[in-house]
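Okay, here's what each chain looks like letter by letter:
Number of protein chains: 2
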Amino acid sequence: MARHSNGESVFSRVARIFEGFDPEHSALTVSELSERTGIPLPSTSRMVTEMIEYGWLCRDADKRVRLGMRIWELVARAAPVNEVRAAALPVMTELLGRVGQPVRLSVRAGREALCVERLGAPGAVRDATTVGGRAPLQASAPGLVLLAHAPADLRESVLSERLPRNPEDAVTDRNTLRRLLSEIRSTGLAHYPGTTLAVPVRAAGGRTVAALSVVLPDAGLIRPVVPPLRAAGARLSRALGDGAPARGLPDTLTA
Amino acid sequence: MARHSNGESVFSRVARIFEGFDPEHSALTVSELSERTGIPLPSTSRMVTEMIEYGWLCRDADKRVRLGMRIWELVARAAPVNEVRAAALPVMTELLGRVGQPVRLSVRAGREALCVERLGAPGAVRDATTVGGRAPLQASAPGLVLLAHAPADLRESVLSERLPRNPEDAVTDRNTLRRLLSEIRSTGLAHYPGTTLAVPVRAAGGRTVAALSVVLPDAGLIRPVVPPLRAAGARLSRALGDGAPARGLPDTLTA
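Sequences listed follow chains A and B, in order.
The letter at position 63 of the first sequence is residue 63 when you use this note's numbering, and the numbering goes up by one with no holes.
Just add 1000 to wherever you are in the second sequence, counting from 1, and you've got this note's numbering.
Rather than coming from a laboratory, the hints here were simulated on the basis of the structure.
Hints may contain errors.
[Stated by the list, open to error] Residues of chain A placed beyond 10 Å of chain B at every Cβ, according to the derived structure:
#1 Ser9
#2 Glu32
#3 Leu41
#4 Gly132
#5 Ala139
#6 Asp173
#7 Arg179
#8 Leu180
#9 Ala219
#10 Leu221
#11 Val226
#12 Pro227
#13 Ala234
#14 Gly241
[Unchecked claim] Estimated spans, in silico, between C-beta atoms of each pair:
#15 A:Arg98 to B:Arg1223: 24 to 30 Å
#16 A:His25 to B:Asp1153: 47 to 53 Å
#17 B:Ser1160 to A:Thr130: 39 to 45 Å
#18 B:Glu1156 to A:Gly194: 56 to 62 Å
#19 A:Ser43 to B:Leu1154: 30 to 36 Å
#20 B:Glu1161 to A:Pro136: 50 to 56 Å
#21 B:Pro1227 to A:Asp218: 33 to 39 Å
#22 B:Thr1176 to A:Val226: 40 to 46 Å
#23 A:Thr49 to B:Pro1224: 31 to 37 Å
#24 B:Ala1231 to A:Pro228: 50 to 56 Å
#25 A:Asp62 to B:Asp1153: 22 to 28 Å
#26 B:Pro1224 to A:Asp62: 39 to 45 Å
In this text the structure is predicted, and so the values were computed from the model without any measurement.
No residue lacks a Cβ here, since even glycine has one placed at the ideal position from N, Cα and C.
With the hints as constraints, model all of the structure from the sequences given.
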């Protein structure tokens, strides 16, 4: 693709513009965007103008720049998560109705769990995870489910790293983590850390493509929530072709 | 931004690549993508390679190209519809639980209604509208709600056009449409065409930012569904600041 005099491709600058926005920075002035991306102000300004023309960015009432509706629409109508989300939403809705606590769907993105959908309920425990939010695989129940079923080489590579020491984490050594992952594979349930419960979601060929989880306000609710959560995971897995020969969902969902 | 020898900007080619994907074409070979975008095959191939590096595109098990998880994530975490969606999902979930039929949230995108969320239920009537799907404003109940509350100049411009003649449409002349829009503004409800019901969703300043709708299997259900639909629309409007002075949501949501 065309390159700037410094050898950087034009596309990489488009990508940097988009990387400049996140949940805490969903509206930025052109100067802030230039500062966050490291792209000189005049170039940032020209790019923003063109991207606004195409609806990939827009200006709000305060003249700040935001992502535009057109790129949202382009991505929404052909997103790699659409199939899983479409199958999951009715199941998640029913599960939310039964347990009355936030329900979340996550997929693996490299070494992190990526939340692709969440349903909350008024009055339920606050679940800080937003759609599009990420966490290291070993740092949450859905992440542990995804790690437990990840390819062996990725699992070993995570296990061989120094584990981040979060004082609230029970898992601070790799033998405990290894045992925990093996337990999750045999029980089909993760209930660590704290009061988040997660089960695997499988597609054709028995491949784990996502984790379905519920965030509970206290440990007393774990016991009654396990059966409906397991049932929801099984139902969603069947909807995605679990039990059928491998095919269908792109591998890229868990790239 | 940098331009090709034919004067086309690099960004416009990136945009054309993304325009090449839609719900019926979510996986394409590089040749198909080149054909659909009109970008010569060698350039398409180079662009695809670079966009795969950044996770904006990916290859599935059949070696076809799809949208990638990274662009989905970048858009999801700062999307202009996030605020409305986050407020709407609990309300939509509860409404679905009450009426047992598909619930949809739409915003205006120019002269079309754009579906930004839908919740279906197993056993409910099939609702063909997908998230990211569009329809002309005058062709559906949510579109009519959005048109009824659109700026007067846009409304007049739509009214001055020749209306598309769909044999199933009751509205084939502009006087009927004008009367219908005025009725929707005074009753706060659209129940045309057929058995889709829609109500406006307002934000701070009383501005209509979305339409909430339910698709019914038969007209006998209209009467019992109206009260919970109205209540859900009012509740969502309050959550979005209706009743408060104007501010908050970007104008761009209904650009």
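These are the hints, each one checked on the structure:
no., hint, result
1, Ser9, "violated (6 Å)"
2, Glu32, "holds (13 Å)"
3, Leu41, "holds (15 Å)"
4, Gly132, "violated (3 Å)"
5, Ala139, "holds (18 Å)"
6, Asp173, "holds (31 Å)"
7, Arg179, "holds (30 Å)"
8, Leu180, "holds (26 Å)"
9, Ala219, "holds (24 Å)"
10, Leu221, "holds (19 Å)"
11, Val226, "holds (22 Å)"
12, Pro227, "holds (19 Å)"
13, Ala234, "holds (14 Å)"
14, Gly241, "holds (14 Å)"
15, A:Arg98 to B:Arg1223: 24 to 30 Å, "holds (29 Å)"
16, A:His25 to B:Asp1153: 47 to 53 Å, "violated (34 Å)"
17, B:Ser1160 to A:Thr130: 39 to 45 Å, "holds (43 Å)"
18, B:Glu1156 to A:Gly194: 56 to 62 Å, "holds (57 Å)"
19, A:Ser43 to B:Leu1154: 30 to 36 Å, "holds (34 Å)"
20, B:Glu1161 to A:Pro136: 50 to 56 Å, "holds (54 Å)"
21, B:Pro1227 to A:Asp218: 33 to 39 Å, "holds (35 Å)"
22, B:Thr1176 to A:Val226: 40 to 46 Å, "violated (57 Å)"
23, A:Thr49 to B:Pro1224: 31 to 37 Å, "violated (51 Å)"
24, B:Ala1231 to A:Pro228: 50 to 56 Å, "violated (27 Å)"
25, A:Asp62 to B:Asp1153: 22 to 28 Å, "holds (24 Å)"
26, B:Pro1224 to A:Asp62: 39 to 45 Å, "holds (43 Å)"
Figure legend: structure checked against the earlier numbered hints; hints not met, in rising order: 1, 4, 16, 22, 23 and 24.
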